[in-house]
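Protein chains in written order, with my numbering: chain H, 1 to 448; chain Z, 1 to 383.
Warning: the hint list may mix true and false statements.
[To be verified] For the chain H half of the interface with chain Z, some residues (derived, Cβ under 10 Å), not all of them: (1) 115; (2) 123; (3) 170; (4) 215; (5) 438.
[Unchecked claim] Under the rule of at most 35 Å between Cα atoms (straight-line distance), these lysine-lysine pairs were calculated in the DSBU-like manner: (6) H/446 <-> Z/81; (7) H/170 <-> Z/81; (8) H/222 <-> H/289; (9) H/434 <-> Z/81; (10) H/410 <-> H/329; (11) H/311 <-> H/71; (12) H/408 <-> H/311; (13) Z/81 <-> H/374; (14) Z/81 <-> H/234; (15) H/422 <-> H/434; (16) H/222 <-> Z/81.
Don't read these hints as lab results, they were simulated from the structure.
Just so you know, even glycine gets a beta-carbon here, dropped at the ideal spot from N, CA and C.
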Amino acid sequence: MKFDSFNRRRFLGASAVAGVGLAAPMHFVRGAYAADMSCNMPTGKTVTFGWNIPLTGAYADEGNDELKAFKLAVKHLNGEGDGGMLKTMKPTALKGNGVLGKKVAFVQSDSQTKSDASRDGAKRMIERDGAIMISGGSSSGVAVAVQGLCQELGVIFMAGLTHSNDTTGKDKKRYGFRHFFNAYQSGLALAPVLAQEYGKDRTAYHLTADYTWGWTQEESIKNATEKLGWKTAKAVRTPLGAGDFSQYITPVLNSGADVLILNHYGKDMVNSLTQAVQFGLRDKMVNGKKVEIVVPLFSELMAQGAGDAVKGILGTSNWDWKLPDEATKNFTKSFGTEYGTPPSQAAQTCYVQALLYADACERAGTFYAPAVIKALEGFEFDGMGNGKTLYRAADHQCFKSCLVVRGKEKPKDKFDLMEIVKVVPREDLMYDPKIFGGDLGPSTAKQC
Amino acid sequence: MWNNPARNDWFLLAGFSLVVLCLPLILEPIGAAYPALMQKFCIFGIFAIGFNILFGLTGYLSFGHAAFLGVGSYAAVWSFKLLTMNAIPAIVFAIVCAAAFALVIGYVSLKRSGIYFSILTLAFAQMSYNLAYSVLTPLTNGETGLQLSLQDPRIIDALFVAPQAGLPRVNLFGTYTSGGGYAGFYLCAAALIVCFFIALRIFRSPFGLMLRAIKSNQNRMRYTGFNTRPYLLAAFVISGMYAGLAGGLMAVTDPLVGAERMQWTASGEVVLMTILGGAGTLVGPVLGAAVIKYFENIFSSFSVTTLQGVFGFLPDAIERPLVSFLSLFVGDGWNLTLGVVFMLIVIFLPGGLMEGLRRIWSLFDRRPGGGDKVPAAQTQPAE
Numbered sequence: 001m002k003f004d005s006f007n008r009r010r011f012l013g014a015s016a017v018a019g020v021g022l023a024a025p026m027h028f029v030r031g032a033y034a035a036d037m038s039c040n041m042p043t044g045k046t047v048t049f050g051w052n053i054p055l056t057g058a059y060a061d062e063g064n065d066e067l068k069a070f071k072l073a074v075k076h077l078n079g080e081g082d083g084g085m086l087k088t089m090k091p092t093a094l095k096g097n098g099v100l101g102k103k104v105a106f107v108q109s110d111s112q113t114k115s116d117a118s119r120d121g122a123k124r125m126i127e128r129d130g131a132i133m134i135s136g137g138s139s140s141g142v143a144v145a146v147q148g149l150c151q152e153l154g155v156i157f158m159a160g161l162t163h164s165n166d167t168t169g170k171d172k173k174r175y176g177f178r179h180f181f182n183a184y185q186s187g188l189a190l191a192p193v194l195a196q197e198y199g200k201d202r203t204a205y206h207l208t209a210d211y212t213w214g215w216t217q218e219e220s221i222k223n224a225t226e227k228l229g230w231k232t233a234k235a236v237r238t239p240l241g242a243g244d245f246s247q248y249i250t251p252v253l254n255s256g257a258d259v260l261i262l263n264h265y266g267k268d269m270v271n272s273l274t275q276a277v278q279f280g281l282r283d284k285m286v287n288g289k290k291v292e293i294v295v296p297l298f299s300e301l302m303a304q305g306a307g308d309a310v311k312g313i314l315g316t317s318n319w320d321w322k323l324p325d326e327a328t329k330n331f332t333k334s335f336g337t338e339y340g341t342p343p344s345q346a347a348q349t350c351y352v353q354a355l356l357y358a359d360a361c362e363r364a365g366t367f368y369a370p371a372v373i374k375a376l377e378g379f380e381f382d383g384m385g386n387g388k389t390l391y392r393a394a395d396h397q398c399f400k401s402c403l404v405v406r407g408k409e410k411p412k413d414k415f416d417l418m419e420i421v422k423v424v425p426r427e428d429l430m431y432d433p434k435i436f437g438g439d440l441g442p443s444t445a446k447q448c
Numbered sequence: 001m002w003n004n005p006a007r008n009d010w011f012l013l014a015g016f017s018l019v020v021l022c023l024p025l026i027l028e029p030i031g032a033a034y035p036a037l038m039q040k041f042c043i044f045g046i047f048a049i050g051f052n053i054l055f056g057l058t059g060y061l062s063f064g065h066a067a068f069l070g071v072g073s074y075a076a077v078w079s080f081k082l083l084t085m086n087a088i089p090a091i092v093f094a095i096v097c098a099a100a101f102a103l104v105i106g107y108v109s110l111k112r113s114g115i116y117f118s119i120l121t122l123a124f125a126q127m128s129y130n131l132a133y134s135v136l137t138p139l140t141n142g143e144t145g146l147q148l149s150l151q152d153p154r155i156i157d158a159l160f161v162a163p164q165a166g167l168p169r170v171n172l173f174g175t176y177t178s179g180g181g182y183a184g185f186y187l188c189a190a191a192l193i194v195c196f197f198i199a200l201r202i203f204r205s206p207f208g209l210m211l212r213a214i215k216s217n218q219n220r221m222r223y224t225g226f227n228t229r230p231y232l233l234a235a236f237v238i239s240g241m242y243a244g245l246a247g248g249l250m251a252v253t254d255p256l257v258g259a260e261r262m263q264w265t266a267s268g269e270v271v272l273m274t275i276l277g278g279a280g281t282l283v284g285p286v287l288g289a290a291v292i293k294y295f296e297n298i299f300s301s302f303s304v305t306t307l308q309g310v311f312g313f314l315p316d317a318i319e320r321p322l323v324s325f326l327s328l329f330v331g332d333g334w335n336l337t338l339g340v341v342f343m344l345i346v347i348f349l350p351g352g353l354m355e356g357l358r359r360i361w362s363l364f365d366r367r368p369g370g371g372d373k374v375p376a377a378q379t380q381p382a383e
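With the hints as extra help, turn the sequences into a complete structure.
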């Protein structure tokens, strides 16, 4: 490079530009905070929660229902509406006047069921909008990604609908909490019912959504059914949001399998189940037995999408609006008055998570994240629709009862699509946190 | 190639640097002044500048550039996992891997030109996406995305520092660039300025002239005795390296990479950015990248309530229909708005936003002949 014409004057000019450039960052370095400050602690009259939900993509139905539940939770926390589960939760420190005297406000972002988009959205809510807590989900891939981000930024993540073992297993984080049950528990709950209904001599064929949730559910159900004595013919991975599953379903009949297990969720499950039924799978006989379809994770929203195809299909569910307890009745009533439909299990888990976080802040007496984490860890509560529930400190997983459900043969209306076969008590769903490995990491407060 | 730049170019560089470094102040009024988004502006600016070196200069439209971005990201994360959390080796590794990948794909794809070239690059990119999504799961962790874990060896870090509790953060010699904060943004901004300078030098060099000559008439180039292939391949690899750097920086500011980064929509996005800003101009692609990322992140966060707030002063009879109409274009509908904006620009300003700026400038430029300087947008014949 020739510097012939790089004279003194030009040098001065260049130095000035460089000087401004170097000095500019200093302008933005924040001053030191007091010792007990964590990311985005509210200073004004409101506290901001961030909802990170899929409003587009394969899980959009669940995402929209989650958003409704979050909005309802904010209403109830601020003392508007009929209070919902605030009336039944016990013990509770919530007074219905916001959280620690501050009104709850919220911001939202569309996670698009993509890890990049969801992280972008979460970062916007944390860095620009000052959200103190992020909640939401619907895809475990997204939940794991956002949970990792929240750990790094020091913001608590209250996972919504995420069913993968990894969320509170291999990828668990100190700042991440999950109320929803997981694939391992689905296996524990489902296996005895499967043995009773379909016998112990069956061959299963898995179609699995190709990401963390699908993998862990396939593994869990495989282990649970093989313990019964079932064989596994084959497990095939399908891309998330595939739309057309015919090429995956045709080989099932020639594989010698007599049970098809669909490890799909959302629109994927609606499509794969409908196509499997249309292909006449359930009218076929293999090995002298009627071919059956099992959907380990089931929800009303999917049942609505799949229509007649869900009749008689077995699966598990975290919660159902038809449960007889007081909390469920209250919540279903306020959700129904507000939106005209009964809430889905996704809605329930998100609503409960929002309340649990608010309650933990009240009990801790502060928004300081490490203190709130302490308040949540090992917290035992009741009256939220799942009976006695424990937030286990070792892996931040909730332990509570879950349901085995079946698609109803003769539904009364379009919301009455599932019947509860069995309520599995939480004692049957306990497991050792060590089996999945992982490490929660530190709870050191970050200043963002 | 490296003779001293003209005085105007120094001004351009100085002005550009000043704007980039002052982004936090400039973007404050439009609600985009937070590090994560400004990082995205810089990173996609780099990506688009690199794409423009190929598309703007040679006219070769690659529809698979996201593949290099993805390769860069995966390479960087693997460097974090295996070697060290320092950003420099990760960035170098990302650029080298993307360059090698671009060399292979470029060598094959550049055997054809025009639409065939576009289709070939698209096919390669889609292939890479599918490989990353399912076939190469051990290497890429599929749909879930590759991320750091506590079991990673991190050989170099293990030699020098005792591991702390929890996952380590990406650093640049002690300054954390991931996990929020302005350090990551300033690293990206510095990289953008360097990239801009290199692109400027390429545009003004004899090499850049060759590339332009290829765009205007490749046959004539051949008849005058030039072998155009090496020039094209060089441009392709350089532009792949830019994409690799962008991918590497994405990992440096946020060490997690998913396969969707390589999907064809991501490749299409950079084409949109370049055309929106102005293909073949220096600043245009950066501008285009910023506009698209702004739409994606900010426009998509507006809700009906925001609109009601804005139009609250209007009487109800006008406000209601207006808000319900406009709400189609914000929130989930940001793609629609972007589509409309893109259409308007392509129809009325074929030279992109830069042509618009030039037209505005010429309105105020009273020097004799100043008004005629706007080159009429030339329609480029499809090759």
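Worksheet item: With a cut-off of 10 Å, does the beta carbon of residue 438 of chain H approach a beta carbon of chain Z closely enough for the hint to hold?
Response: Cβ of residue 438 of chain H sits 8 Å from chain Z, so the hint holds.
Worksheet entry | 35 Å Cα cutoff - pair residue 434 of chain H, residue 81 of chain Z | The given pair, whose Cα atoms are some 24 Å apart, holds under the 35 Å limit.
Discussion item. For residue 422 of chain H and residue 434 of chain H, compute the direct alpha-carbon distance and say whether it is at most 35 Å.
Written reply: This hinted pair holds, its Cα atoms lying about 28 Å apart.
Discussion item. Hint residue 215 of chain H vs chain Z: min CB-CB distance below 10 Å?
Written reply: Holds - the Cβ of residue 215 of chain H comes within 10 Å of chain Z, reaching about 8 Å at its closest.
Discussion item. Next pair to validate is residue 81 of chain Z with residue 234 of chain H; report whether the Cα-Cα distance is within 35 Å.
Written reply: 33 Å, holds
Worksheet item: Taking only the CA atoms, is the gap from residue 408 of chain H to residue 311 of chain H under or equal to 35 Å?
Response: Since the Cα atoms of residue 408 of chain H and residue 311 of chain H sit roughly 5 Å apart, the hinted pair holds (cutoff 35 Å).
Item to complete: Would you settle whether the hint for residue 123 of chain H is holds or violated, based on the nearest Cβ-Cβ distance to chain Z being less than 10 Å?
Response: 4 Å, holds
Worksheet item: Between residue 81 of chain Z and residue 374 of chain H, is the straight-line Cα distance small enough, at 35 Å or below?
Response: Given pair residue 81 of chain Z, residue 374 of chain H holds - Cα atoms ~31 Å apart, limit 35 Å.
Item to complete: Sort out whether residue 289 of chain H lies within 35 Å of residue 222 of chain H, counting only the CA atoms.
Response: It holds: about 20 Å lies between the C-alpha atoms, which stays within 35 Å.
Worksheet item: Holds or violated: residue 170 of chain H with residue 81 of chain Z, Cα cutoff 35 Å?
Response: 17 Å, holds
Worksheet item: Is the Cα-Cα distance between residue 222 of chain H and residue 81 of chain Z 35 Å or less?
Response: 31 Å, holds
Worksheet item: residue 410 of chain H and residue 329 of chain H: Cα distance at most 35 Å?
Response: Given pair residue 410 of chain H, residue 329 of chain H holds - Cα atoms ~23 Å apart, limit 35 Å.
Consistency note: the structure conflicts with none of the earlier hints.
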